[in-house]
Amino acid sequence: MRIEVTARRRTGVASATIAAFLLAGAGTFPGSLALAQDTSATGVIAGSVTADHGEVRALRVKAHDTVHRIAYTVYTQGGRYRIFNLPPSTYDVRVVEEAFESPTATVEVGAGATTTVDIALTALGTGPEQGAAARGASAQRNYGGGAADDRAAEIVDFDTLYPPHPARDVMLRSCFGCHGPAGFHRRGPRNERGWRRAVDRMFDIDGRVANMSPGVPQITHDLVSVEEKELIIEYLTSLFGPGSTPRDLELDPLVRDEEALSEAIYIEYELKRGPQRLLSNGAPPRGSIHSVFASRAEPGVIWVSGNGSNSIIRMDSRDPDFETRTDELWIENPENINVTPHGIVEYRGRVYWVELTGDHFGELEPATGEMKRYPLPTKGAGPHSVWVDSRGSFWYTYFASAGRIGRFDLAAEDFTEWEPLSGFSGYGIVVDRQDRVWAVGLHTPAIFMYNQETAAWRSYPLANPARRPAIDSDGKIWAAHYFGNAISKIDPVTSAVTEYVLPLKDGNPYDVWPDDDDNHNSLVRFDQQTSEFTYFPFPELRAHTPKLDRDAEGTLWFTLRGPSGPGVAALKPHGNVPAEANAGQ
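Numbering (the numbering used here), first residue to last: -11 to 573.
It is possible that some hints are incorrect.
[What the hints assert, rightly or not] Pairs of lysine-lysine residues, derived as DSBU-like cross-links and limited to a Cα-Cα distance of at most 35 Å, are as follows:
| # | residue 1 | residue 2 |
| --- | --- | --- |
| 1 | K464 | K367 |
| 2 | K217 | K477 |
| 3 | K260 | K360 |
| 4 | K477 | K367 |
| 5 | K260 | K367 |
| 6 | K464 | K477 |
| 7 | K217 | K367 |
Treat the hints as calculated values from the structure; they're not laboratory data.
Please model the complete structure; the sequences and the hints are all you need to start from.
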């Protein structure tokens, strides 16, 4: 079957999102819908992509299964594409690029058949290779924020946007690691009072940053003195005060590597959400989701923390039925608030999480749906990340500047907390095979290690504050420099710290995770053997994912917002190949 579709012309300006988020994956294809061992049971969509102007290089082609509500996104190579292993169904097929207007073709895919869809695009102006150099509000959203207005922004480098100054030195140390490069100039213009209110909120125990309960400020004067705080307020007012010129960061061009992307595929699963319930404020939660954990006890099941939903979600990627593959479990609490479940793990078939707002450690028995919540000792600090060691103890960090890292002994139902650094604000924690605990923080250019055998802490210096540590198969520790545009490797044996800078400036790596080959991927894959980076553009425009996990088959899982709302997605850098090729891997 062949269908040719063309696009109507529409004026506008488009730009590519190239902020880097570290992803990974290798192995067999995720989910039963794609695990077809017999090509006669599945179909293929293939065709050409042409444009009236501009280069057709590794453009994203998406086939949305409108029956099962699952989408598959691949990249063109030489102006052509093929999407393998599709279950028989009805599909909407289109190209997803801001630089082009794409039509949508609705086609039927049959078992053992190839459906041909040729797509003709109309260029809208700026091509994806232009990055943030496209002016206007769309360019200003490249880092995930919104423009203050629709005025064209002057595109400048970092030193022009944030000139060298003692206040900038403080911000580089204590502010940019959390806010990133978009956290300040996008929030203007403001007068001195406005900037003072914004900065003071960070030091307020009732600042409610990220909806945390009152009790602990986001940053303390242990890290930023009163005098330094005043410098920051003056600096921001002088740069982004009333009447200031709208400016934004210039990004490097992103040229996609067709060969590296030729076998990559993203798979997006829509979620059937549970019935909405009202909170104590009379409104339902906003419905967002956050972290994922790929079940070891139930392969194919993905557990999700509903940070904006007051729920824990179970999504079975091997169930093709949209109506039955998702279960959403409400977290009952006496206050009837959104407790903001955040970090999530599975241990011995049960699911555990920490609550950013609720100040509890949660436990779920999936077989019965029974939940139990344990109150944490520090209130208002925003428990953020959690990991489990081989002894069954759970380790967690606080998002606010509580200065603490904690352990929960499940058997004894007992908490112990340490203070490795006054004012420490944790943003990720893992435990290695020797049960050594590794944690990083938003305001601290170091990674901390706690040796349970010796009860000793040690810090390893980093060039910048980091996020989301991970451990590869060799026991090396990795962390992402969100503002520093780099990833670091720590060798526990030699104590060596090695930094790898991303090739495109201001990439903002958010998370890092090892794959079967110990590569690290985001929109960037880092190959340890060659020290080369490859960028994998997300299947949605201006996309962002907060946390990653990898299943036993090597598939990388994460949450991603699509047209229908928050969903769960998977990345397979080598997943778009015929089923018989996957079976031989």
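I'd like to know which numbered hints this structure contradicts. Please list them from smallest to largest. none
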